[in-house]
Amino acid sequence: MNLFDTRWKLPLHCLQLFLIVMVIGLSIPRLFMKNQPRTRASTIGLGMGAKSLVIILYELLTEHITALRKWASLKAYTILNALEIVFWAAVAVLTIQANVQMCVAPGCILGWGVAITGINLRYVLWLFMRLLFVIC
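With our numbering, the residue at position 114 of the sequence shown is 191, and numbering never jumps.
To be clear, the hints were calculated from the coordinates, so they are not data collected in a lab. Owing to the predicted nature of the structure, the values given are computational and were not obtained by experimental measurement. Be aware that a few hints might be false.
[Stated by the list, open to error] SDA-like mimics (lysine to any residue), calculated; alpha carbons at most 25 Å apart, straight line: (1) K86 - A166; (2) K111 - P183; (3) K111 - A182; (4) K128 - P106; (5) K128 - K152; (6) K86 - N197; (7) K86 - L151; (8) K147 - M206; (9) K86 - R207; (10) K128 - N158; (11) K128 - A167; (12) K111 - V181; (13) K128 - P88; (14) K128 - W203; (15) K128 - L145.
The task is simple: from the sequences and hints, build the whole structure.
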């Protein structure tokens with residue numbers, strides 16, 4: 078059983094994409110709510126989400142398009158996915174800290190949603206790294 082097969086990787090990438098879009102969807106309304114403080118914690122989900130979308134796009138395109146396979150690198154995939162775990166943990170921690178310090182009603186609920194989704198995304202990325210390191 079080859080764990081690098083798309084049978085295992087593609088469903089995990091789809092789950093990652095779903096969670097990332099969910100974080101972006103929860104972060105955008107927080108920016109446009111009135112009487113809500115705009116802090117780094119309210120915008121970090123957008124930046125990390127955009128970065129993660131670019132990384133997943135790189136991984137998927139270099140795996141599935143033959144013209145782009147010359148830029149595919151298992152070492153690059155491993156490094157990027159290892160950094161993703163740390164970055165999404167930081168999103169969760171910073172959002173939790175901001176919600177504990179000051180929490181205003183609707184933005185607070187969205188903030189906790191971003192934090193919980195960030196924790197789930199960190200776990201999915203850790204699971205993906207475990208699958209990569211079983212073969213290596």
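Hint check results:
no.	hint	result
1	K86 - A166	holds, 21 Å
2	K111 - P183	holds, 10 Å
3	K111 - A182	holds, 11 Å
4	K128 - P106	holds, 19 Å
5	K128 - K152	holds, 18 Å
6	K86 - N197	holds, 17 Å
7	K86 - L151	holds, 13 Å
8	K147 - M206	holds, 22 Å
9	K86 - R207	holds, 12 Å
10	K128 - N158	holds, 12 Å
11	K128 - A167	holds, 14 Å
12	K111 - V181	holds, 11 Å
13	K128 - P88	holds, 20 Å
14	K128 - W203	holds, 17 Å
15	K128 - L145	holds, 20 Å
Figure legend: structure checked against the earlier numbered hints; every hint is met.
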